[in-house]
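*Asks:* Spelled out, the chains give:
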Amino acid sequence: MLIPLQHILIFAAGLFAIGLYGALVRRNVIGILISIELILNAVNVNLIAFSRTTALNPVTGQVFAVIVITLAAVGATVGLAIVLALYRVRRTIYTDEVNLLKW
Amino acid sequence: MDAVTSLTYFVPELILLGTAFAALLLDLFIPKKEVVGLTGLAGVLAALAFARCPADAYPLFYGFFLLDPFSFFFKVAALLIVAVTLLAFLAYRPRTESVSFPGEFTVLFLFMAFALILMGSSNNLLMIFLSLEFVSVLSYLLTGFLKKDSHSKEAALKYLLFGSVASGTMLYGMSILFGLTGAIDLNVIHESLVSTAVPQGLVLTSLFLILVGLGFKISMAPFHMWAPDVYEGALTPVTAFLTVGPKALGFAVLVRLLHTSFLHLQSEWSAVLVALSILTMTLGNVVAISQTNIKRLLGYSSIAQAGYILMGLAVSNEIGIRGVLVYLIAYAFTNLGAFLCVILVSNHCGTDEIDSYAGLSEKSPFLAFALTVFLLSLAGIPPLAGFIGKFYVFSSAIQGQFITLAVAAALNSAVAAFYYFKVVRLMYLAPAPSREPVAHPAFLLIPLWIALIGTVVMGVFPNLFIQFVERSLIL
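Taken in sequence, the protein lines are chains A and B. Mapping to the working numbering: the first sequence position 84 is 84, numbers consecutive. Count along the second sequence from 1, add 1000, and you get the number used in the working numbering.
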């Protein structure tokens, strides 16, 4: 049985909303990074769903998704490196305690 | 065009990549890091020498890299900006850590030049995303480069979190656009949007989601929150680069996207951009008034400048687009110059507080004069480059009947003049705490003179630059 496109899109929109919400309200930097991964995965679900239905060339969406996955890994690597370096200097990974620069 | 044929048009980029890897190797073996920096500089200049303005649009690498006069304009801009930044690095002495810099920085900046060129030449959603992310990741690393400086680390963290959320949102918009049109190439997207009955609400939703990611890059309000923190926390040469390079190329992508794919919806997005433009310049200027740190002041001023440049794009008539490019040239000369002055003063005083500019005209008349020229140009005073840029965007707004926008921008310019003149007043009228002369390393003086001459010449003979802009908009 084929899952209708609408269901997949609603699922992806939910995933995106959860990710965005998490990125905005979480205090823990690791939590924010995980929420960003959720956003990117919502994008991947969208891309794959569209590549099966509306795309002129189905490969386009799939290649796009693979590249998004790769860059998500790049983002996570750089993100964790910065978090680690920050932790060495400040001994915290909570965003509300990282408050030297304001206004 | 297939990959092998494309390579003949890809020489400058190949030189850049080759030099980047060569510099990476050199860095391991050569203890004198200036050599690595100069190698990188030579690579950038060689790439500049090999760059040729194409007569037509060449879709290189199966259409994934568009070489046309427009991308040539931004290629030259990106290479020049990177060259100036590398020169500035050779003379920069950071306060907190005594590390020899140019080694890794050279490599990162060479890759950055390549990434910026990719951004200017990208003609489909995938390449836009890829190049934007390439530039972002390099910017995070450059911002957080100081190992033990907690300001630098905090700036990098904020930049990373804002940037990742913004690019995720942009990607979501792209995926919807891909679903609506079935393609990622901007031209094909346009054809599909015009020829088939696509629900307009969804198209605009996806466009505005994409605008979040690009607005982040050009520090457009309300996605500007990262900018002042990053500009303060990063090393001054990096700040100088970040306020100019990624911002200019962000505008390049924005112009290409809106004008290739969404021109038929102009009445819809134009209103939104007008509102965001007014918001951006007002916010930048009003908050800049109360700043006490020169890097933050120039950071907020650069947010306001992005608002002015956005004016040209919001109106998007013939003058408006020329205005964006002309303003970007003027802004690049002026802002880089202002930050070079800041580097010299902070090398001398060891602080970036505005108070340390008191009596600068006694300590170094040349530096005070140069900084005054740059600040006046940023304020848009007539015989200087900034005036030409403002003239273009204002006349485009008036010609396009956007009177509210023109009035708001005029009021903003008056506010901006206040805080620029505050620094000028300090330099000339306040007494100097000491009369110790400021050191002028040659590596900084060369780019400083280039920026100074550029700012003045562009104001007096704008035709030289306007012809260049006309030629890059031919297609």
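Hints are supplied without guarantee of correctness; some may be wrong.
[To be verified] Only pairs whose alpha carbons sit at most 20 angstroms apart, straight line, appear in this in silico EDC-like list of lysine to aspartate or glutamate:
#1 B:Lys1147 / B:Glu1104
#2 A:Lys102 / B:Glu1034
#3 A:Lys102 / B:Asp1355
#4 B:Lys1422 / B:Glu1470
#5 B:Lys1148 / B:Glu1191
#6 B:Lys1422 / B:Glu1318
#7 A:Lys102 / B:Glu1362
#8 B:Lys1032 / B:Asp1149
#9 B:Lys1147 / B:Glu1191
#10 B:Lys1148 / B:Asp1056
#11 B:Lys1148 / A:Glu37
It should be emphasised that the hints constitute simulated quantities derived from the structure, not laboratory data.
*Asks:* Now look at each hint and say whether the structure bears it out.
*Replies:* For each hint, the structure was consulted:
Simply put, Lys1147 of chain B and Glu1104 of chain B have alpha-carbon atoms about 13 angstroms apart, close enough for the 20 angstroms limit, and the pair holds. Taking the CA atoms of Lys102 of chain A and Glu1034 of chain B, the gap is near 35 angstroms; set against the 20 angstroms cutoff, the hint is violated. Proposed proximity of Lys102 of chain A and Asp1355 of chain B is supported: the alpha carbons are some 19 angstroms apart, at most 20 angstroms. For the hint linking Lys1422 of chain B to Glu1470 of chain B, the alpha-carbon distance of about 37 angstroms lies beyond 20 angstroms, and the restraint is violated.
Annotation: proposed proximity of Lys1148 of chain B to Glu1191 of chain B is violated, straight-line Cα distance about 52 angstroms (limit 20 angstroms). For the hint pairing Lys1422 of chain B with Glu1318 of chain B, the CA-to-CA distance comes to about 36 angstroms; that exceeds 20 angstroms, so the pair is violated. With a C-alpha separation of about 33 angstroms, the suggested pairing of Lys102 of chain A with Glu1362 of chain B is violated against the 20 angstroms cut-off. Of the pairs offered as hints, the one joining Lys1032 of chain B and Asp1149 of chain B is violated, with about 24 angstroms between alpha carbons and a cut-off of 20 angstroms exceeded.
Only pairs whose Cα atoms come within 20 angstroms are accepted, and Lys1147 of chain B paired with Glu1191 of chain B is rejected, the gap being roughly 50 angstroms. Between Lys1148 of chain B and Asp1056 of chain B the alpha-carbon distance is near 50 angstroms, which puts this suggested pair outside the 20 angstroms criterion. Distance check on the hinted pair: Lys1148 of chain B and Glu37 of chain A sit about 28 angstroms apart at the alpha-carbon level, beyond 20 angstroms; violated.
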